[in-house]
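There are 4 protein chains.
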Amino acid sequence: MKNTFGTSVSVTIFGESHGNSIGAVLDGIAPGIPVDEEYIAHQMSLRKAVGKISTPRREADAVKIVSGVFNGKTTGTPITFIIENQDQKSKDYGELAYKARPGHADFPAQMKYHGNQDFRGGGHFSGRITAGLVAAGAVMLTALKAKGITVGTHILSCGGVYDRGFENIPEDIEKLKDAEFAVLDDSVKEPMIEKIEAARDEGDSVGGRLETAVYGVPSGVGEPWFDTAEGVLSHILFSIPAVKGVEFGDGFDLADMKGSQANDSYRCENGKVVTATNHNGGITGGITNGMPIIFRTAIKPTPSIYKEQQTINLNTFENTDLQIKGRHDPAIIHRARVVIDSVAALAVGDMLAQRFGTDWLADIND
Amino acid sequence: MKNTFGTSVSVTIFGESHGNSIGAVLDGIAPGIPVDEEYIAHQMSLRKAVGKISTPRREADAVKIVSGVFNGKTTGTPITFIIENQDQKSKDYGELAYKARPGHADFPAQMKYHGNQDFRGGGHFSGRITAGLVAAGAVMLTALKAKGITVGTHILSCGGVYDRGFENIPEDIEKLKDAEFAVLDDSVKEPMIEKIEAARDEGDSVGGRLETAVYGVPSGVGEPWFDTAEGVLSHILFSIPAVKGVEFGDGFDLADMKGSQANDSYRCENGKVVTATNHNGGITGGITNGMPIIFRTAIKPTPSIYKEQQTINLNTFENTDLQIKGRHDPAIIHRARVVIDSVAALAVGDMLAQRFGTDWLADIND
Amino acid sequence: MKNTFGTSVSVTIFGESHGNSIGAVLDGIAPGIPVDEEYIAHQMSLRKAVGKISTPRREADAVKIVSGVFNGKTTGTPITFIIENQDQKSKDYGELAYKARPGHADFPAQMKYHGNQDFRGGGHFSGRITAGLVAAGAVMLTALKAKGITVGTHILSCGGVYDRGFENIPEDIEKLKDAEFAVLDDSVKEPMIEKIEAARDEGDSVGGRLETAVYGVPSGVGEPWFDTAEGVLSHILFSIPAVKGVEFGDGFDLADMKGSQANDSYRCENGKVVTATNHNGGITGGITNGMPIIFRTAIKPTPSIYKEQQTINLNTFENTDLQIKGRHDPAIIHRARVVIDSVAALAVGDMLAQRFGTDWLADIND
Amino acid sequence: MKNTFGTSVSVTIFGESHGNSIGAVLDGIAPGIPVDEEYIAHQMSLRKAVGKISTPRREADAVKIVSGVFNGKTTGTPITFIIENQDQKSKDYGELAYKARPGHADFPAQMKYHGNQDFRGGGHFSGRITAGLVAAGAVMLTALKAKGITVGTHILSCGGVYDRGFENIPEDIEKLKDAEFAVLDDSVKEPMIEKIEAARDEGDSVGGRLETAVYGVPSGVGEPWFDTAEGVLSHILFSIPAVKGVEFGDGFDLADMKGSQANDSYRCENGKVVTATNHNGGITGGITNGMPIIFRTAIKPTPSIYKEQQTINLNTFENTDLQIKGRHDPAIIHRARVVIDSVAALAVGDMLAQRFGTDWLADIND
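The listed protein sequences derive, respectively, from chains A, B, C and D.
The numbers in my numbering rise by one with no breaks, and the one at position 297 of the first sequence is 442.
The numbers in my numbering rise by one with no breaks, and the one at position 365 of the second sequence is 510.
The numbers in my numbering rise by one with no breaks, and the one at position 251 of the third sequence is 396.
The numbers in my numbering rise by one with no breaks, and the one at position 212 of the fourth sequence is 357.
Hints in this document: simulated from the structure, not taken from any laboratory.
Errors might be hidden in some of the hints.
Said to hold, decoys possible - Dumping the calculated DSSO-like pairs for lysine-lysine here, alpha-carbon to alpha-carbon at most 30 Å:
no., chain 1, residue 1, chain 2, residue 2
1, D, K334, C, K403
2, C, K403, D, K209
3, D, K218, B, K218
4, B, K218, A, K417
5, B, K417, C, K452
6, D, K218, B, K209
7, C, K470, A, K218
8, D, K193, C, K403
9, D, K334, D, K470
10, B, K292, C, K334
11, C, K340, D, K403
12, C, K452, D, K403
13, A, K193, A, K292
14, A, K452, B, K417
15, C, K218, A, K209
16, C, K322, D, K340
17, D, K340, C, K470
18, D, K452, B, K209
19, D, K417, C, K193
20, B, K193, D, K209
21, D, K470, C, K403
22, C, K209, A, K193
23, D, K193, B, K209
24, D, K452, A, K417
25, C, K218, A, K470
26, B, K218, A, K470
27, D, K334, C, K417
28, D, K417, C, K452
29, D, K322, C, K403
30, B, K218, C, K417
31, A, K209, C, K417
32, D, K209, A, K218
33, C, K470, D, K320
34, C, K290, C, K320
35, A, K417, B, K290
36, A, K218, C, K322
37, C, K292, A, K209
38, B, K452, B, K322
Chain A on its own, in the form it takes in the complex (with noise of 0.2 Å):
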C-alpha cells in the first residue's frame, strides 16, 4: 500500500506542504500505552526549523488527536493525528507550478500524476509530510521505552565535519534526547553550523550522514529473507525525502575487510549472550541477536537552492532556467534526526508486535 506502512502496527500518512492538514494514522497498535501530548510536542519542536540554519518558515505544528486515545491511553483502534498547516506563503511558488526544480519531484511527479499533484512548496512530497511520522513514532518511542528499548540519531558528519561514533549508547541516546543539533561531541556543533551557515550564504546546501543507534531489542526479531531486519528499516528510511544510502553496523566498511576482521565472535557475559564486537549492527542473517541496532543513512544536501539552476518547462518540456525563491532550508539532516528516530521506533515497533503478538508492546498481563 503506497502510504501505509507496517503489518502489525501500521502508519498512514497524508497530506500536502500548502493544503488544509497534514498528518498520520497509527493503527495495530497495542492498548493501555500512555500518550503523552508534551511528549509529542517535544518530539515535534525537534523537527521543527529553528534559527538561521533552517527555512524562514515557522509552523506551530500543534498535533491534535482525534481518535484512538481515550483517558489518556491508546484504545488499541486507530490513532489520528492532525497538523493544520497555516504559514503557507503560496504565491511565493507561482513559477514552480511548471519548472521543475533540479533534484526534487517535480518532473517524475508530472510523469505519474499527470499534471494534477499538487505543486505548492513540494505538496505531498513535502519533507513537511514527516511531521506526522514524529507523531506516531512519539507514541511507538514511548511504548517502547517502557520495554527498555531506547532509539537515538547524531549527526555523524555534516559539509565533511565529522562527530564521533556512539561508544556508551544508552548514555549517548540519553544526551541526544533534547539535544537542537544532534551530535555526541559538542566541539563539532558550531563547525558544522558554519558549514551550513556558509552554504545557505552562497545560495547553496549541504547535506551529511546520520548515525542511529537502537538499544535493548531483544534477539530473534527479523526474518531471514525479504522482513529481514536490514529489509523493513531500509524500506521506510528511504521514504524519509534525501535519504540515498542505508548501512548497517560497518556497512560499506565491511566490503573491505577479511571474515576475520568483520564477524562478530560470541560470548557468554554474566549469563547473556553478547558479541565482542558490533561490526554486523546488532543484526545477522536478517534476524537480531541482541546486541544494539546501528545504522547510518545519507542525507543529500536540499535540492532547493538559490543559485540559478538549468531545467525544463513541465507544460512545454523546452528548457529554461530556475531561480528558486521561496524559504528553504540550507540543510536537513538536524531535523531529520527525530524523523529517523521516529521511522526506525515504528519500524521495530511493528517487527517486535509481529514476532510477540500485539499486546506485547503493553505488557498486558490478565
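Knowing the structure of chain A, use the given hints to seat chains B, C and D on it.
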C-alpha cells in the same frame, strides 16, 4: 509476509541448504511471456560455484518448472521452480549443530526458532536459497527485456581492487551478460581473483561492492512515501545474505556534496527529458525520472572461514572455540551479482505492474 | 492491516462514535478524477438518520477534505476526509461502561482491548464509522461512473416484507440513486416502514436483506484463488456492522439446484458475450464474466433495543440485567444500503486498478 | 497477493490440474509443531474421489514435504508440499480448449489470460488445487488441536435432503473426523447419496450446504473493521470453487428476526463468560466472543455435466453446443468439507498468530 515479496508480482521462496529441495513461486506475472529454459539455466550457471575461488560443493542446479508455464509461455498463474538438492554432505556439519558461527544467523535463529531450525549448511539462511530468486528473476528479466529494460551488475570492488564505473550503460550491461566474473575493466579481473585466492589460502574470506544499472525504466514509477523506488529495491536487496549497505546514485558521497553539485539539471534532448548528470541514480522523490537506476550494495566477507574463532555453545551458552570445516566460499561477490540482477528485476517489474497493470509486462493488445 | 483495506486503491478508517472526529484516507486513487463535494454530501445524506425510523441523534456529517484534492480533482495522493462529531451525548451511556450489550462488541472488545477501549456509543465499533467509507466510496463511485460502471442497492426484505428483485438493472440503479428508502417496488415501502415502526414501538428492532447490482464491470477482473471477486467483496462487506451473510448470484438457492439449472449458458449477442441467465451473479471461477455482479447481504436486527436483557458486568463478570437507554435505530437497513454501495465500489475499483493499472480509473491518455 | 493468503501465517498455492505438480507453501507457522505425515494422508483421503458418486479419476495424492520440516517438527520456515499429478488423461479435453463450459471459469479465464491459460482439466481453476490447502491445513489443524481448538464440517443439505444441525459440538466434531460422507444424523446419508446418484444417472449434478463449527477459539480474536473474523474467513472460503454464499451464526435467517430474538445474552457460568444462545455464531463486532464459531457455505452444483449445453467458441465467439465428456463429479460437497475445515483452520490460526504472536501456536515457553 515473511517469505513472499511483492504486490502485483510476488515471489515466494522456500527450502533449506541440505533439505530435499529449494525453490520459488512467481505469482502475478503477465500471461504470454516466453519462458526460455536455456536462459534460466544460463542465469543459474552465473550463480554457480566455479573454479578455485568458490566452494567445492557442486550442484547441478537443474530447475524444474512444475506449474504456470504452458506451451512455452507464462499462463498468468503461479510459476513454481523446484531445484533439488543433491550434493549435501551433512556429516560435515556435526559440530555446527550447537556452535554458533560468528557472522552467521546461527545464534539469532536459535533464539527465534527455539532449536527447531534446520541447522545443516545454514538451513533456510543459506545463500543457496537465492537460486530460486535467480530462476524467478530470469522470467522477469525476459519480460523486461522485451519492454526495453535491461539490468546489469558488476563487481565494483573486491579485496580493495576497484573496477571502473558504468559508462555507456546499455553496452556495459551487454558486456556483463555472460561474464563468469563480472567486471567492466578486464584488467582488474586477475587482481581481484588473486585477492580472493590469497584470502582462501589464509583460511579467510573477502567481500566487496557491487554496482547495478537498470536501464530503460520509464519515468513515473514508484511512490512518494514508503513504496519509493529506493525503499522497495532496498527491501529486497537486504534479503540477500551478506548485503549490509545499499546506496542510490552517488549515495553516501552525496552527503559531502553541495546542493549545486548534487542536483541533476533537466534537459530536453530530441524530445526526451534527460538529466545532465545522474547523481540521484534515476530516482527523485522516490519516483523514477527516466534516467538509469544506479545503486551499489556492500557485500560483507563470507562469514564461514577456516580460522579458529571464539563463540558459544548454543545448548549450554558456554564459551567455546570453533574451527569451521566443510566446503565454503572465500568470496561470494562474483556469484551474488546475478542474484542482485534478479531481485532488482523482480522489484522493478512489480512496480511497473502496479503502475501500468498486470498485462503491461506482456504488452497484450487484444 | 487492521483498519486499511485494498491493494492498489486502499481505504483507512478511524474514529470513535463520541470522539473528536471520524474519517477515512483514500489512497492510490488515480489523479484527475473530479471530486464533487455536493455529490459526497448527497451520499452522506443517504446514510443519515431520517424520520421516525432512525435514531434521534442528528449529525451534520459535514465532510471536510483536508488533503489529496487540488483544483477540484484528485491529485493521486491520499485523500483525507474528516467528519467532526458534534451531537454526542455521552452522559446517556454511563451504565454501558461496564455492562455488555448483547449482540454488540462490548464483551469481545473488553477481551481484546483490556478495558482501554472507548466504550461511549460503541466507540470504534459504531456504525457511525461507516460515514468515512461513504465519503471515500463517493469518489470511487464517481470514477467508476465515468467508466460506465454503476452500483445500486435496494432493500430486498425488511421485517418479512419483500421487494421485487432487479429487472432492468441500469434503470433500477438509476431509480435507487436518490431514494431515501431504497426499494424498487414503491408499494412495499410503507409496509416495510410499518414493520420498523412496530418494532420501535415494542422497544425492539428489525433487520433485513439488501440486494446489490454492480453494472458494467468488464470481464476478466478478480483472481482464481484467494482474491476472487467474491472473496474480496465479502471481506469488506462483512466489515459493515450487522452483516452476517453474503451470497452471490442465486447464492444459497444454488445449493438446491441441479447443474443443468445453475449453469449460465454463454451466448454471443451483437458481438458481445453474455450469459442467458445470471445464476452465478456475474462471477465464475472468482473472475468477472461481464454480466452484472449481483450479491445479497443479510443485515441482523439492530442489537441496541429498549427491552430489558440479561448480561454480565464487564468488571466483576457477574450476571446482571440491562435496560439500554440513549438514542438508537430500530432498523439500520435503509441507512446501510449506501454503505454497501460505497464498499462495493471501493472493492471493485481496487480490483480494476490492480488489473489495468492505477491510471485506468482516470482514463488518462497522455 | 494473488495466490497467497494470510498475514502472520500465510499459504501460497500453485499448480494446474494436468500440469506436473500442484502444491502449497505454508509460511510463518510456529517452530516445533509435530508434523504427522499419516494425519496429512488421512486428511488427503477425505478429499479424495471415492465410490460411484465421484469422478473416476484416481490420484494417489501422495504429499511430499520438501522443506520446512526437520526431525518431524516444523522449523518455523516455509513448509512446501508437492503433490505430483499422475492420472491425467489430457486427450479427453480437446474440445474444451475452445468451447467455454457454462458455470466454469473458461470464458473469464480467456478474457484475463488472453488464451495463455492451461485449459486442460480446468488448469489452475481446478478443484484439484485444493489438495495443497488440505495438506497445509493439516499442519495448522494439528497446531490448533494442541491448543484445544477443533474444527468440523458436515453436509447440512444435499439435493434437498437435510442433516440435523450441531448439538454437542465437541462430540459432533469428533464424530465427523473420519467420516467418508460427513453427516451428523446417519439416517440421512443414504438419501443424500441417492440424490447424487440420481443426478449422475441423468448426466446432471447437485450441490448443497456445508455447516462448520470451530470450537475453542478464545475471545478477543479478529478486528472491528476489515479484518473481522467473518471477513477473513469469508475471504478464503469464497476461494473454494463452487462456494457462492457464506453466513455466520443464523446468517440470512437473522434478517427475519427481531433484535430481542437475535441478541445472545451473556451469562457467567463457572467463572466463564458464555452466551445463552449463539445466533451470532461466536462473533460480534467482528471479534470472537469465545463461543463456537459457526458458519455455513453454499456449494453450487458441479458445473461439469454431461447434458448438452449452449455456449460459445472462445476463438471465434460464435454460438455453439457443448457435450462435456471426460471424468467428472456429480457432486463435490462430500469432498469439499475437508477443504473447508482446512481453510478455516488456516484463517483462524493466522488471526491467533497476529493476536498472540508467532510462537503462540507452538506454546514455546523458553
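The hints, checked one at a time:
1. K334/D <-> K403/C: Holds, because 19 Å separates the two Cα atoms, which is no more than 30 Å.
2. K403/C <-> K209/D: violated (37 Å)
3. K218/D <-> K218/B: Not satisfied, since the Cα-Cα distance of roughly 38 Å exceeds 30 Å.
4. K218/B <-> K417/A: Given pair K218/B, K417/A is violated - Cα atoms ~55 Å apart, limit 30 Å.
5. K417/B <-> K452/C: With Cα atoms ~73 Å apart, K417/B and K452/C exceed 30 Å; violated.
6. K218/D <-> K209/B: Holds: K218/D and K209/B sit about 27 Å apart, inside 30 Å.
7. K470/C <-> K218/A: This hinted pair holds, its Cα atoms lying about 27 Å apart.
8. K193/D <-> K403/C: Given pair K193/D, K403/C holds - Cα atoms ~22 Å apart, limit 30 Å.
9. K334/D <-> K470/D: holds (28 Å)
10. K292/B <-> K334/C: With a Cα-Cα distance of about 58 Å, the restraint between K292/B and K334/C is violated, given a limit of 30 Å.
11. K340/C <-> K403/D: holds (10 Å)
12. K452/C <-> K403/D: holds (11 Å)
13. K193/A <-> K292/A: holds (28 Å)
14. K452/A <-> K417/B: holds (25 Å)
15. K218/C <-> K209/A: holds (27 Å)
16. K322/C <-> K340/D: Violated. K322/C to K340/D sits at ~45 Å, over the 30 Å cutoff.
17. K340/D <-> K470/C: violated (53 Å)
18. K452/D <-> K209/B: violated (40 Å)
19. K417/D <-> K193/C: Measuring from Cα to Cα gives roughly 39 Å; hence the hint is violated.
20. K193/B <-> K209/D: Since the Cα atoms of K193/B and K209/D sit roughly 27 Å apart, the hinted pair holds (cutoff 30 Å).
21. K470/D <-> K403/C: holds (18 Å)
22. K209/C <-> K193/A: Distance of about 27 Å is within 30 Å: holds.
23. K193/D <-> K209/B: Holds - the C-alpha atoms of K209/B and K193/D are around 27 Å apart, at most 30 Å.
24. K452/D <-> K417/A: Judged against 30 Å, a Cα distance of about 73 Å means the pair is violated.
25. K218/C <-> K470/A: holds (27 Å)
26. K218/B <-> K470/A: Distance of about 55 Å is beyond 30 Å: violated.
27. K334/D <-> K417/C: With Cα atoms ~45 Å apart, K334/D and K417/C exceed 30 Å; violated.
28. K417/D <-> K452/C: holds (25 Å)
29. K322/D <-> K403/C: holds (28 Å)
30. K218/B <-> K417/C: With a Cα-Cα distance of about 28 Å, the restraint between K218/B and K417/C holds, given a limit of 30 Å.
31. K209/A <-> K417/C: violated (54 Å)
32. K209/D <-> K218/A: Violated, at about 50 Å.
33. K470/C <-> K320/D: Roughly 46 Å between the alpha carbons, so the hint for K470/C and K320/D is violated.
34. K290/C <-> K320/C: Given pair K290/C, K320/C holds - Cα atoms ~15 Å apart, limit 30 Å.
35. K417/A <-> K290/B: violated (52 Å)
36. K218/A <-> K322/C: Cα-Cα ~42 Å, so violated.
37. K292/C <-> K209/A: Roughly 39 Å between the alpha carbons, so the hint for K292/C and K209/A is violated.
38. K452/B <-> K322/B: Violated, because 35 Å separates the two Cα atoms, which is more than 30 Å.
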